[in-house]
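Enquirer: Chains A and B, in that order, give the protein sequences. Take 1 as the starting number for the first sequence in my numbering and just add one per residue. Take 307 as the starting number for the second sequence in my numbering and just add one per residue.
Hints in this document: simulated from the structure, not taken from any laboratory. Each residue gets a CB set at the ideal place from its N, CA and C atoms; glycine is no exception. Heads up, a few of these hints could be off.
Straight-line Cα separation of at most 30 Å, DSS-like style, residue types lysine-lysine; simulated pairs [said to hold, decoys possible]: (1) A:Lys93 <-> B:Lys429; (2) B:Lys514 <-> A:Lys3; (3) A:Lys272 <-> A:Lys208; (4) B:Lys429 <-> B:Lys309; (5) A:Lys91 <-> A:Lys62; (6) B:Lys399 <-> A:Lys93; (7) B:Lys429 <-> B:Lys514; (8) B:Lys399 <-> B:Lys429; (9) A:Lys93 <-> A:Lys123; (10) A:Lys93 <-> B:Lys397; (11) A:Lys3 <-> B:Lys429; (12) B:Lys309 <-> A:Lys3; (13) A:Lys93 <-> A:Lys62; (14) B:Lys578 <-> B:Lys368; (15) B:Lys399 <-> B:Lys464; (16) A:Lys91 <-> B:Lys578; (17) B:Lys429 <-> B:Lys368; (18) B:Lys397 <-> B:Lys429; (19) A:Lys91 <-> A:Lys158; (20) B:Lys399 <-> B:Lys309; (21) B:Lys309 <-> A:Lys91; (22) A:Lys272 <-> A:Lys123; (23) A:Lys272 <-> A:Lys62; (24) A:Lys91 <-> B:Lys429; (25) B:Lys429 <-> B:Lys464; (26) A:Lys93 <-> A:Lys3; (27) B:Lys464 <-> B:Lys514.
The following residues of chain A were derived to be distant from chain B, with all beta-carbon distances above 10 Å [said to hold, decoys possible]: (28) Ser13; (29) Pro120; (30) Ile173; (31) Arg176; (32) Thr196; (33) Ala249; (34) Leu305.
Protein chains: 2
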Amino acid sequence: MTKILRDDDLVGSELMGVAINALDAAFLARAQDQMISPPRHHVSFSNRGDLVFTVGGMLGEKPLAGFRVYETFDGVEHSQIVAVWSVEDAKLKGIVLGERLGNIRTGAIGGVAIRYLSSPDAKIVGILGSGAQARTQLAAATTVRQITSARVYSRDEKNRTTFAQEMERELGIEVRPVGSVLDAARDADIVICATTSSTPIIHASDLKLGVHVNTVGPKTQRGYELGLDIADVADVIATDSPEQTRAYASPFFLAGSGNEHRMADLADIIAKREIGRRSSQDTTLFCSVGLAGTEVVVASAIIDLL
Amino acid sequence: MTKILRDDDLVGSELMGVAINALDAAFLARAQDQMISPPRHHVSFSNRGDLVFTVGGMLGEKPLAGFRVYETFDGVEHSQIVAVWSVEDAKLKGIVLGERLGNIRTGAIGGVAIRYLSSPDAKIVGILGSGAQARTQLAAATTVRQITSARVYSRDEKNRTTFAQEMERELGIEVRPVGSVLDAARDADIVICATTSSTPIIHASDLKLGVHVNTVGPKTQRGYELGLDIADVADVIATDSPEQTRAYASPFFLAGSGNEHRMADLADIIAKREIGRRSSQDTTLFCSVGLAGTEVVVASAIIDLL
Numbered sequence: 001m002t003k004i005l006r007d008d009d010l011v012g013s014e015l016m017g018v019a020i021n022a023l024d025a026a027f028l029a030r031a032q033d034q035m036i037s038p039p040r041h042h043v044s045f046s047n048r049g050d051l052v053f054t055v056g057g058m059l060g061e062k063p064l065a066g067f068r069v070y071e072t073f074d075g076v077e078h079s080q081i082v083a084v085w086s087v088e089d090a091k092l093k094g095i096v097l098g099e100r101l102g103n104i105r106t107g108a109i110g111g112v113a114i115r116y117l118s119s120p121d122a123k124i125v126g127i128l129g130s131g132a133q134a135r136t137q138l139a140a141a142t143t144v145r146q147i148t149s150a151r152v153y154s155r156d157e158k159n160r161t162t163f164a165q166e167m168e169r170e171l172g173i174e175v176r177p178v179g180s181v182l183d184a185a186r187d188a189d190i191v192i193c194a195t196t197s198s199t200p201i202i203h204a205s206d207l208k209l210g211v212h213v214n215t216v217g218p219k220t221q222r223g224y225e226l227g228l229d230i231a232d233v234a235d236v237i238a239t240d241s242p243e244q245t246r247a248y249a250s251p252f253f254l255a256g257s258g259n260e261h262r263m264a265d266l267a268d269i270i271a272k273r274e275i276g277r278r279s280s281q282d283t284t285l286f287c288s289v290g291l292a293g294t295e296v297v298v299a300s301a302i303i304d305l306l
Numbered sequence: 307m308t309k310i311l312r313d314d315d316l317v318g319s320e321l322m323g324v325a326i327n328a329l330d331a332a333f334l335a336r337a338q339d340q341m342i343s344p345p346r347h348h349v350s351f352s353n354r355g356d357l358v359f360t361v362g363g364m365l366g367e368k369p370l371a372g373f374r375v376y377e378t379f380d381g382v383e384h385s386q387i388v389a390v391w392s393v394e395d396a397k398l399k400g401i402v403l404g405e406r407l408g409n410i411r412t413g414a415i416g417g418v419a420i421r422y423l424s425s426p427d428a429k430i431v432g433i434l435g436s437g438a439q440a441r442t443q444l445a446a447a448t449t450v451r452q453i454t455s456a457r458v459y460s461r462d463e464k465n466r467t468t469f470a471q472e473m474e475r476e477l478g479i480e481v482r483p484v485g486s487v488l489d490a491a492r493d494a495d496i497v498i499c500a501t502t503s504s505t506p507i508i509h510a511s512d513l514k515l516g517v518h519v520n521t522v523g524p525k526t527q528r529g530y531e532l533g534l535d536i537a538d539v540a541d542v543i544a545t546d547s548p549e550q551t552r553a554y555a556s557p558f559f560l561a562g563s564g565n566e567h568r569m570a571d572l573a574d575i576i577a578k579r580e581i582g583r584r585s586s587q588d589t590t591l592f593c594s595v596g597l598a599g600t601e602v603v604v605a606s607a608i609i610d611l612l
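Isolated chain A, as found in the complex:
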């Protein structure tokens, strides 16, 4: 019987590690042209909204196929569907409903980037933002690095305090709410920018030498959360999908900055076809765009686990 998982089923500290390892293998498959991730497919329902499909999967030894679908209708409750087939026997492995899988997947992409780009002895994380994405990014960082403490800044004092208390309990590390971007970033070996801000809230001068930065929030010329000077100082700039950065309706925030052409595919860094961090002095920047097909890979790994 096809397994159906919902948000409440996606619990347990081992989920993030499983998701990161599954994506690590998927990025390697991508570098070998074994990942399927065609452009999104939109169907409009008059002026009421769209259904949006990201279809994708992996070839190779145990090929997977599947899709994610979400809608853009007006409503308070939204539900995504992710479904996964095992290509070898045409079996529908399972369906995952809700919002949580998407957050785990974005967190896990960030985790893979941190695994390959941050300094191996990174200990301190600075987080900007206190939403669901900030939570899974921090959980991902602690999964791939020996993180001892984190500092969180978010405009709303209550939100950052709640975030700190809850994440401290969840992850078993010190998490301290701080009153400014600089206080969060200054000593951090890893900076996670996971806000909804459409104006830059962090700049190169806020960062420590040798830092790795993940930007998860807005990244188009209509709005972006990260100062362009961070790209200027970065020794390595990578993304999970160069194609998708070129397909945005509003151009990617680095377009025309002079830095967009040296943006590497994270998959190529993992496959050692591109050079990543060379020393503990390097500054690295990862622009997370959500490679199509990764939902299917993460869903498959979680269905196998649960």
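Following the hints, complete the assembly by docking chain B onto the known chain A.
Expert: Relative to chain A, chain B alone:
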């Protein structure tokens, strides 16, 4: 919580009537351009097969959106997914898994055609084929007409006997297995052709004056189950989707026959924009192709019922 239905849940004699009435309303909406049914969307997974999406829905008072997806991978077990959203509040109404919904939907399309095209006092049904499609077509015919008896022909004697026994019990009418196409069709007011034959097995001379014929099986120039002379003698030829008949990889079986241009859209007959049956002497032919979007409409009605 999103309702999940599987094949075993789709039972009960009221299902077919609910499906037919839902499609009747949907065809009327289609005649008013209120039905969304864009072309199918295929994604290939190398040479292993495709995922195929039919997205669609209905606008109007209670707008619906959704999709069906199936795969063409090698395997013994195949599972379709149909999902339905209520557009007004973005709520995922439910998901239907398995093969049965597709059969009910094709049966119900046939039922709508029989409701609008067959003689109102049709009593005898002749069925060619004894598979799942033959079963739901017969159930649909008994839902919209006062059918008293049916004759079934299928090459395999055991299959037609089993079909007769099971359908007699299920529908409470006489169902008799017969030894030839002619024996099944000769006295029938309604003939249902639901075989997998790629060479014509029934011809105009097998039919009674005033008959209505549904062809559910192969209908392309690569293979078709119905003699072309049946289209020649038909006073009315209709289909649930003229667009889809023109989009087949191999041309539609009537292409070049001189009859393809007088093929009406069933929706237009229901909306009285095209003329249907005019007398009990008319021969009518319905070519069932499976209008995209109808799975969503039927799934929605069944989710509401169960």
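Enquirer: Does each hint hold? Answer for all of them.
Expert: Hint by hint, here is what the structure shows:
Note on lysine 93 of chain A and lysine 429 of chain B: the hinted pairing is violated, with a Cα-Cα distance of about 46 Å set against a maximum of 30 Å. The hinted pair formed by lysine 514 of chain B and lysine 3 of chain A fails the criterion: a straight-line CA distance of about 51 Å is larger than 30 Å. Pair hint lysine 272 of chain A plus lysine 208 of chain A holds up; C-alpha atoms about 26 Å apart against a cutoff of 30 Å. For the given pair, lysine 429 of chain B sits about 38 Å from lysine 309 of chain B by alpha-carbon distance, which is inconsistent with the 30 Å threshold.
Our distance criterion of 30 Å between C-alpha atoms is met by lysine 91 of chain A and lysine 62 of chain A, whose separation comes to about 12 Å. Of the supplied pair hints, the one linking lysine 399 of chain B and lysine 93 of chain A holds, its CA atoms being roughly 22 Å apart against a limit of 30 Å. With a CA separation close to 13 Å, the supplied pair lysine 429 of chain B and lysine 514 of chain B stays within the 30 Å bound. Between lysine 399 of chain B and lysine 429 of chain B the CA atoms are separated by roughly 38 Å; this puts the pair beyond 30 Å, and the hint is violated.
The hinted pair formed by lysine 93 of chain A and lysine 123 of chain A fails the criterion: a straight-line CA distance of about 38 Å is larger than 30 Å. Restraint check: the Cα-Cα separation between lysine 93 of chain A and lysine 397 of chain B comes to about 24 Å, which is no more than 30 Å; the hinted pair holds. At most 30 Å may separate the alpha-carbon atoms for a hinted pair to count; lysine 3 of chain A and lysine 429 of chain B exceed this at roughly 45 Å. As the CA atoms of lysine 309 of chain B and lysine 3 of chain A are separated by approximately 14 Å, the hinted pair is consistent with the 30 Å bound.
Of the supplied pair hints, the one linking lysine 93 of chain A and lysine 62 of chain A holds, its CA atoms being roughly 12 Å apart against a limit of 30 Å. Distance hint between lysine 578 of chain B and lysine 368 of chain B is fulfilled; the C-alpha atoms sit about 23 Å from each other, no more than 30 Å. Between the alpha carbons of lysine 399 of chain B and lysine 464 of chain B the distance comes to roughly 41 Å, so the proposed pair goes past 30 Å and is violated. For a cut-off of 30 Å, the pair hint linking lysine 91 of chain A to lysine 578 of chain B is broken: about 45 Å separates their Cα positions.
Taking the CA atoms of lysine 429 of chain B and lysine 368 of chain B, the gap is about 36 Å. The hint is violated against a cut of 30 Å. Our distance criterion of 30 Å between C-alpha atoms is broken by lysine 397 of chain B and lysine 429 of chain B, whose separation comes to about 43 Å. For the hint linking lysine 91 of chain A to lysine 158 of chain A, the alpha-carbon distance of about 47 Å lies beyond 30 Å, and the restraint is violated. For the given pair, lysine 399 of chain B sits about 7 Å from lysine 309 of chain B by alpha-carbon distance, which is consistent with the 30 Å threshold.
Restraint check for lysine 309 of chain B and lysine 91 of chain A: the C-alpha separation of about 22 Å stays at or below 30 Å, so the hint holds. The suggested pairing of lysine 272 of chain A with lysine 123 of chain A holds, with an alpha-carbon distance near 25 Å, which does not exceed 30 Å. With a C-alpha separation of about 23 Å, the suggested pair lysine 272 of chain A and lysine 62 of chain A falls inside the 30 Å cut-off, and the hint holds. The straight-line distance between the Cα atoms of lysine 91 of chain A and lysine 429 of chain B is roughly 43 Å, outside the 30 Å bound, and the hint therefore fails.
This hinted pair checks out: lysine 429 of chain B and lysine 464 of chain B have alpha carbons roughly 26 Å apart, not beyond 30 Å. Using a Cα cut-off of 30 Å, the hinted pair lysine 93 of chain A and lysine 3 of chain A holds, with the two alpha carbons roughly 7 Å apart. At roughly 27 Å between alpha-carbon atoms, lysine 464 of chain B and lysine 514 of chain B fall within 30 Å of each other, so this suggested pair holds. With a least beta-carbon separation of about 26 Å from chain B, serine 13 of chain A lies farther than 10 Å from that chain, consistent with its non-interface assignment.
The beta carbon of proline 120 of chain A is kept farther than 10 Å from every beta carbon of chain B, the shortest such distance being approximately 36 Å. Residue placement check: isoleucine 173 of chain A keeps its beta carbon more than 10 Å from all beta carbons of chain B (closest about 35 Å). Distance to chain B confirms arginine 176 of chain A as a non-interface residue, since its nearest Cβ pair spans about 38 Å, more than 10 Å. Listed as a non-interface residue, threonine 196 of chain A keeps its Cβ farther than 10 Å from every Cβ of chain B; the least gap is roughly 20 Å.
With a cut of 10 Å on Cβ distances, alanine 249 of chain A stays outside the contact zone with chain B, its closest approach being about 20 Å. Its beta-carbon lying about 21 Å from the closest one in chain B, leucine 305 of chain A satisfies the requirement of being farther than 10 Å from that chain.
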